[in-house]
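Build the complex: two chains, separate frames, hints provided.
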Amino acid sequence: MLQTVLEPQTAEKAALFRETYLAAYRFMLLARLLDDKFAALWRSGRIHGGVFLGRGQEALSAATGISLKKGDVFAPLIRDAAGRLAFGETVLDAARTYLGSARGPMGGRDGNVHRGKPKEGYLPMISHLGAMISVVNGILLARRFKNHAGTVGAASIGDGATSTGAFHEALNQAAVEKLPLVLVVANNHYAYSTPISRQFACRDLADKAAGYGVEVDSMDGTDLNACLETVGQAVDRARAGRGPQMVVATLLRLCGHGEHDDAGYIDPELKKSPVGRDCQKVAEDYLIRQKWADPATLATWRTEAVHKIEEAIAQVQREPGPDPFTEEWRAISTQRLNEGHE
Amino acid sequence: MSITYLEAIREAQAQALRDDPRVFIYGQDVGPFGGAHKATKNLAKEFPGRVLDSPISEDAIVGLAVGAAIEGMRPIVEMQFADFSTVGFNQIVNQAATLFWRTNVPCPVTVRLPFGGTSGSGPFHSQCMETVYAHYPGLIVMTPATVEDAYSMLLEAVAIDDPVIFCEHKFLYYHLKAEKLPSEALPVGKARIVREGRDMTIVTYSAMLHEALEAANELTPEGWEVEVVDLRSVKPIDTDTVMASVARTGRLLCVGEAWPWGGVTAEIIARVSSEGYGLLDAPPQRLNAKDTPVPYHPNLWAAHRPTARAITAAARKLLRL
Ligand SMILES: Cc1ncc(C[n+]2csc(CCOP(=O)(O)OP(=O)(O)O)c2C)c(N)n1
Ligand SMILES: [Mg+2]
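Heads up: the protein sequence lines correspond to chains A and B, in order.
Position one of the first sequence corresponds to residue 1 (the working numbering), numbered consecutively onward.
Position one of the second sequence corresponds to residue 1 (the working numbering), numbered consecutively onward.
Treat the hints with care, since some could be wrong.
As the list claims (entries may be wrong) - In the BS3-like style, the derived pairs of lysine-lysine whose C-alpha atoms are separated by at most 27 angstroms in a straight line are:
1. A:117 with A:146
2. B:41 with A:178
3. A:281 with A:271
4. B:190 with A:146
5. B:45 with A:146
6. A:291 with A:308
7. B:190 with B:41
8. A:69 with A:271
9. B:190 with B:177
10. A:69 with A:117
11. B:45 with A:178
Unchecked claim - Label-pair distances were calculated between CB atoms; the ranges are:
12. B:32 with A:150: 27 to 33 angstroms
13. A:326 with B:275: 22 to 28 angstroms
14. A:127 with B:185: 34 to 40 angstroms
15. B:55 with A:290: 45 to 51 angstroms
Claimed, not checked - Covered stretches of chain A (in silico footprint by chain B; criterion: 3 or more residues with CB under 8 angstroms from a CB of chain B, positions within the stretch not fixed):
16. 104-111
17. 135-148
18. 325-338
Simulated from the structure, these hints should not be mistaken for laboratory data.
Cβ coordinates follow ideal geometry from the N, Cα and C atoms, glycine included.
Excised from the complex, chain B in its bound form (with noise of 0.2 angstroms):
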């Protein structure tokens, strides 16, 4: 038996629901017809009343979720696409992200983002939010790049007393498979280090760590060892893993889908280098989309975000530099 990212996505929310009585799903077709992506696939069945069809409103489905969580609810609220939670976004990052500071009352809202690229989907179903998100104070951003932590994740973001947003990548829904669900889980806060390596480290998360675990594989003929290390959140950030890879290895890329200015990867580096500075034996670099929309055709799409052979070849500059 093997279960994709989608499903474990799926069978978290399952979870959470049989677990909890106060969990509740709430989104645009997440009802009888399981969802855009199919992650609420028969959950409406299998939990009657509390997987909701929501009207095309994401500002008011994520102010019903914080009522909803004032209320002692745990809701969990489906984006149908990550880009359009930007109509939503007033109610995610001034009303969710700030009722905790204000009134001391926890905001225990999940907020599911289906997101990145996707071949053929073009600039309004594509783009990756965790940066825009990770920018407002009072909000946790988890970027799962496994099936694993898809799975993990999700049911700790339910289980969070405070707002998450929840970037779960469609590229990897079907593409990735794991022979089961975890039963131990790294919390959320801690990186992993997913390959061991001396000479560079690559820090990434969601959909690039494959890519980035490609090109590892790629230097490996070459003679280089390449460590990587996957986020899995970008809010927090857990700086003390990278510092110690970047510690042991003396050189770091960091690597996002999501675009150039600002950002994740631009974080990294402004920690590694005022915190770590004498670590660095070259000067730490970072790739990222390019500084336009994401466009829809596949030859285009394929030189706009970074891939395997990009992360190589900037790899290669850096462990000659």
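The shape of chain A in the complex, shown without the other chains (with noise of 0.2 angstroms):
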């Protein structure tokens, strides 16, 4: 290979980037790591309702999450263990939410992958899908409102929920508004187990974008190099005042649904394609080709990942769970016009 001299401000950059990568690349290993052990705690009967795994997608979210800084929103959905992470998540929360701790931020009243905490911009879903963009809309025009310049906010959707009413309302908003939504698509071919030839009749999600008025970029989203770049590049473009961003990724969902499907009508022919690459494989050949980490190297981070998962399991086994009978059973804020039914 051929040896370049960097320029002095290219080469800060490409420190830039390696650093940002081998951070990514963690926080996939750590996600990863984490929804093997939710997946396994659910297996045992310890996790109460469902279990969803971000696997094969780790790429994409922990891209979404280390591109956008303190200060910034996020609205991740069911497969965004990584992105969560990256935004500033701990797994001591994350774990909290699946064993129903009442020391998690939704303190037992919500569970799994439905946690957040609204006033560190890090929002958490509802169920229903799409419903959150026009949320972090609101968010934004919050802030313009309030002078508060230089943030940007982030919400994923899959492929399926490109199809919601919720999703075309807010995106089109967004677009009329100038807000710096920057919408991450994971094209994951499928939506529980409905293809995409059933959900959409666009050529390329992107198309969808143009028909709002909205700047598109897509990607391979098995690569966190391509996945750094391109979601990285919308965040700044959103930044930058130029308006919604979209962004789309193609990668397959190497897992169920949820943790209670074998996904077993996903098309082999996919698995075997390109778009069926796992993205954290992708990424640990890239890191041992750049000479960034060795098989030593990422052995050992993986070893610390376990270590801290097992370590937050552990903490959380040992906390109390939500108590029904000191629960205020208050859904207003204003005590005074609680109805309180017995």
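Right, here's the structure in full:
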């Protein structure tokens, strides 16, 4: 290989990119192992309700979380363990929500992937797909009212949810208001069992953006490199005032819709095709090729991540669950207006 | 000088915008045009940049309001007609209404619903949605029946830290006038005894209050003294005031313009029957609209919803039981 002498500025940039890549990879790794742990806990009956994994989508998710800064807004969905961690969520809070600790951000009132801290710009998804995008818009509009410039809001969405009315309304709304929204579309080819051929009839999901007057870019969602670059640039454009941005990643869900689902409906040809690559493996190969890490280092990182997870789970398992007797059972904040039926 | 119910709503919004920089208004045609009902007339001019036209996207309108509320604003959103709030229903009942309970972050969003029947409006511009929203935990549902309440309750709606469904009756917009805006008000959550009586209690709210008062007056020459209670808000319901009234009169008739299945009138009767069974001298009764979509033609419409005449008839029957 040719040795190029880099300009000082490009060298700096390259160093920064390497740093970001390494950090993103470690969030991917942590997320994958955390997801695996939740799946194991679910199989042994220790998690109430479902478990939803992001296997195969960690590169895109981590790239999204890591492209955001403190003070930005993030509305993740069910396959965003990596992005959540990269945006600042702790393993502890993730575990608390899955295991129903009273000390978690949702205090047992909501669980699994429905977690967040709205005041920190980390929005807790409601189940209804598409519904979080306009909420991000509202935060961004409020910041404009307050002359608080320079922040962006990212929202995740799947191929299936691009068919919701809420998606359409919110993207159009962001375009009309020229809000710094970054809509990250994960085209993983399925919405639960429904293949994309039954989901939309446009040639490519990116085509949808034109209808709203929104800038769009696409990427190979299995390649962390591409994800960091494409999502990062979209975030930069939004931050610079270019209005809402959409990015579309092509990839494959490498797990069931939830852990209850064996995903027998996924086309084996797709699994064998490049979209079926495991982003984790792709990133590891790249790290080794670049000599940014050797197999021993990767193994150390993995061990560190496992320890972190085990420690958090052990701690959460000692924490109390919510107590129905001390629960206030009050859905509004204005105490005097609470009906408080028995 | 006199002021209409509609002007009171406009004035309350102007006051809220003046008092609190966190307030803004968002909805279809609310900007320079002043709203389909003129409830935001001149506000865009008076408060530049704070009264914004929205696309026809009820879901995104409410979603945006929730986001803005999280960020510390106090949005007022207008649904052009209450009927269209069904398209924003998800954001109201699942996003706005659950936020505080799930996260301890309050959600001070006011959703204005111009609602209820007016002659010729038909199935999709006449609906009463209060029952539907009252069913969901996490929402406060206001149903002002007077000019004074329209003003003071809307101001309180904006000041409250929770999502408020503000049901403003379109029939009252121009029909009701007051001399001036109130300087004092009964707090939200308290019902008002609008007319005292000893023979029977009519519990009602919004436009039906005026039909009920007319009915009560009609019964006076016959020697009946009918008490009329205006609930003012249907969530929360001021059960204490209702119960105290029934304790005095022994007879209860609930009147609502909404459809009969379930709902506010059924709720009142359930509460009085279970908590105040011994207070009743006769089975509690209720009167609602018929269980069909709201008809277009005035002949049908007048028979579809409770009117003073229908209330009088129902009251007479109950008084003889
Ligand atoms: C409005 C709405 N309808 C249905 C569902 C049930 N549901 C949950 S996830 C899902 C599939 C989502 O597919 P996609 O948007 O492609 O995301 P992915 O699961 O592939 O990440 C469905 C149908 C829902 N959560 N919300
Ligand atoms: Mg999908």
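Hint-by-hint comparison with the structure:
With a CA separation close to 21 angstroms, the supplied pair residue 117 (chain A) and residue 146 (chain A) stays within the 27 angstroms bound. For the hint linking residue 41 (chain B) to residue 178 (chain A), the alpha-carbon distance of about 26 angstroms falls within 27 angstroms, and the restraint holds. Distance restraint check for residue 281 (chain A) and residue 271 (chain A): the Cα-Cα separation of roughly 14 angstroms lies within the 27 angstroms cut-off, and the hinted pair is therefore satisfied. At roughly 36 angstroms between alpha-carbon atoms, residue 190 (chain B) and residue 146 (chain A) are farther apart than 27 angstroms, so this suggested pair is violated.
Note on residue 45 (chain B) and residue 146 (chain A): the hinted pairing holds, with a Cα-Cα distance of about 20 angstroms set against a maximum of 27 angstroms. With a C-alpha separation of about 26 angstroms, the suggested pair residue 291 (chain A) and residue 308 (chain A) falls inside the 27 angstroms cut-off, and the hint holds. Distance restraint check for residue 190 (chain B) and residue 41 (chain B): the Cα-Cα separation of roughly 30 angstroms exceeds the 27 angstroms cut-off, and the hinted pair is therefore not satisfied. Between residue 69 (chain A) and residue 271 (chain A), the direct Cα distance comes to roughly 34 angstroms. Violation of the 27 angstroms bound is thereby established for this hinted pair.
Among the hinted pairs, residue 190 (chain B) with residue 177 (chain B) is consistent with the structure: their alpha-carbon atoms are about 22 angstroms apart, no more than 27 angstroms. Only pairs whose Cα atoms come within 27 angstroms are accepted, and residue 69 (chain A) paired with residue 117 (chain A) is accepted, the gap being roughly 15 angstroms. Of the pairs offered as hints, the one joining residue 45 (chain B) and residue 178 (chain A) holds, with about 22 angstroms between alpha carbons and a cut-off of 27 angstroms not exceeded. One distance hint, 27 to 33 angstroms for the beta-carbon pair residue 32 (chain B) and residue 150 (chain A), holds here, with the actual separation near 30 angstroms.
Taken as a hint, the range 22 to 28 angstroms holds for the pair residue 326 (chain A) and residue 275 (chain B), whose Cβ atoms sit roughly 26 angstroms apart. Against the hinted window of 34 to 40 angstroms, the Cβ-Cβ separation of residue 127 (chain A) and residue 185 (chain B) comes to about 39 angstroms, which satisfies the hint. A beta carbon spacing of about 47 angstroms between residue 55 (chain B) and residue 290 (chain A) agrees with the range 45 to 51 angstroms that was offered as a hint. Given a C-beta distance limit of less than 8 angstroms, the hint that chain B covers the region 104-111 of chain A holds, as 4 residues qualify and 3 suffice.
Interface restraint, the region 135-148 of chain A with chain B: holds (11 residues with C-beta to C-beta distance below 8 angstroms; minimum three). Chain B is given as covering the region 325-338 of chain A, and this holds because 8 residues of the stretch bring a CB closer than 8 angstroms to a CB of that chain, at least three being needed.
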